[in-house]
Amino acid sequence: MIKPTLIEQFHNICGSYGDHIAIQNDMNEITYKELKSSIERLAGFYQEQGVKQGDRVVLVIDNSINYVIAFYAIWQIGAIVVALNPQSKTHEIEKSINLCQAKLLILEQADIQKINSLNHIDINILQLSEANIQGTYSWQDALNSKPITMSLNIKKATAAQIIFTSGTTGDPKGVLLSHHNLLRNTHDITDYLELTNNDSVFNVLPFHYSYGNSVLHTHLSVGAKIILNGSMAFPQDIVDKIRDSKATGFSGVPSTYSLFLNRSDWPDNPPALRYITQAGGPMSKSLIHKLLNTLNPRTKLYIMYGQTEASARISWLPPEYLDKKMGSVGIPLNSVKIEIRDQYGNSLKHNQNGEVYVEGDNIMKEYWNNPNATQKTVINGWLRTGDIGHIDEDGFLFLEGRNNDMIKVGAHRINPLELEEVINKLDFVNESAVIGVDDEILGQKLRAFVVGDESRENQFCLKKHCNEYLPAHKIPREIKWISQLPKTASGKLKRHQLI
Amino acid sequence: MNEDENNTEDLLRTFILENYLFTDDQKKLNNSDSFLDTGILDSMGILEMIYYLDEEMSIKVAPDEMIPANLDSINNLIAFIDKKTN
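Line by line, the protein sequences are chains A and B. Going by the working numbering, the first residue of the first sequence is number 156, and it counts up by one from there. Going by the working numbering, the first residue of the second sequence is number 585, and it counts up by one from there.
Since the hints were made in silico from the structure, they are not lab data. Hints may be right or wrong, so weigh each one.
What the hints assert, rightly or not - Computed cross-link-like contacts, DSBU-like style, restricted to lysine-lysine with a CA-CA straight-line distance of at most 30 Å:
#1 A:Lys-618 x B:Lys-612
#2 A:Lys-455 x A:Lys-440
#3 A:Lys-580 x B:Lys-611
#4 B:Lys-611 x A:Lys-619
#5 B:Lys-644 x A:Lys-563
#6 B:Lys-612 x A:Lys-250
#7 A:Lys-445 x B:Lys-644
#8 A:Lys-580 x A:Lys-244
#9 A:Lys-396 x A:Lys-563
#10 A:Lys-600 x B:Lys-644
Claimed, not checked - Pulled a few chain B residues facing chain A out of the computed Cβ check, cut under 8 Å:
#11 Leu-620
#12 Ser-627
#13 Met-628
#14 Ile-630
#15 Asp-648
#16 Met-650
#17 Pro-652
#18 Ala-663
Don't be surprised by glycine CBs; every beta carbon is placed ideally from N, CA and C.
Only chain B is shown next, with the shape it has when bound in the complex:
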């Protein structure tokens, strides 16, 4: 993982931990956890994540990109952002 990806991972993890798990305990979130299956995010949370990607990371999510494979875990998000920015 390069420096940019590390930075992306930190930003995403902090966003989820602070806003949805209400903790700074890094052990509470695995990068492979499905947000929906584990109940970390609901449909409103996924929308807020999309707004966050747009506002904080300038990543625009097109309708056909709004799928679990792109958005439903930290790992999926990192891969998706990597694909969008490269």
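Chain A extracted, bound-state conformation:
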């Protein structure tokens, strides 16, 4: 029977598969029963810190067993998870804490610098180490707290998680997902992937990101095993470990598969997986063909499409249609409807291009504390995705592009305005423009055009400044100094002329 929330589903699974391994990394593993016990004790710590139902708890932790404990313990007491990119700079963490008025912050033990810089904020800090730094709480102490085992009466619409995403203008927006959003999307995904407790997924996707978040919940919701091991910096190492671990599944973005095909022995010796999934941006037809030609005969490839605002997943392409519907991102999930509409919001017929609108149990409640942005994005319960595409006569969705300037680097959606704002802060920069240019591995990479005083010292200073204020994936890989930016008569940037 389907439980009303993922935390209750998790407890249910622990009852059936308590001795199964839930998470495994290169050093440790933890069973479902042990995971449940740690979650309940950490939930006790949260409560001692005054965290109550509906409060926000911020996680800045790499993928690990502790991440999962910290995450599910937040749900155990009915609070809201706000997981940030562990590469976030201090000012970004501070901005997110302030935006969601968080009650508790959980940081990696190595982040002493971050802890010191954030100590002035009125927030309790838990750090994942054995000994506590002054003014913070240690992980070991927290796990000695009195457990909370009671089950909460959480309603369908109760908020569960905020995921910050790059908006089309200004500050990042907090996508607020309910327990129901996440539960229904998780069940739709486990259905089409036919996931069971016999599966084990080798995961390299960051959990703080929507796709990784769904990999975590889908596998825990059926009692499967999640294997965390290694970095995509060394693709051969990952492919060897996938084979050694006897994983049944793997999830990646297009660049992951491009790396496997070009930088490992995958083409000659593909791992014997049951399923592989691809999302996080469109994968070119040539890459899909290359991947299909190298797959182990028993491996099914699932092409998928989604957005953070849709809890993760919107559509999937059944593997048997890969040839017939090449280039499609498939059909809607069970609890999802898709429509193509014109600029006035009118529905379009088959094969006509327009904006993709989505409705269903997976659509976010709102952007956190941002009614204006919510109003522009969710129209009468339908999500405006900003993606352009059409639906063919058989109901398969084909995407053609986006109707804004967002750049997709690997799986990251990046707003050029945010980067330009950072670059323009420098005294010697008059103005700048950032675009995405084609990249063999990442799909797109960032190129910044800068107007200003180009001395060697300033070039150095610009790179240093970007490194200080932006996480690695947002730092432009190429910087070109030019005398002026192309503009319209009214002074609007002609971004397309830079490409």
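Based on the hints, put chain B in the right spot on chain A.
Leaving out everything else, chain B in the frame of chain A:
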């Protein structure tokens, strides 16, 4: 360490210091520092390092050579390049 190795070490250190640590302060980088563990490079940075080895030093990295033991510190890189060129 012979003259070639010194030269390789200088080139590699300069590449990392200028492009990822944004400084010319030699004290900021130890030859034994793991690029990934210390956060100096991420997966994109390792790829850029591979392009750099190919373009600037004519060292081609085969897929099975793309492992931490060859690429994840200045010392590992020097040993790897030495093995490839001899």
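Check each numbered hint from earlier against the structure, then list the numbers of those it violates in ascending order. 18
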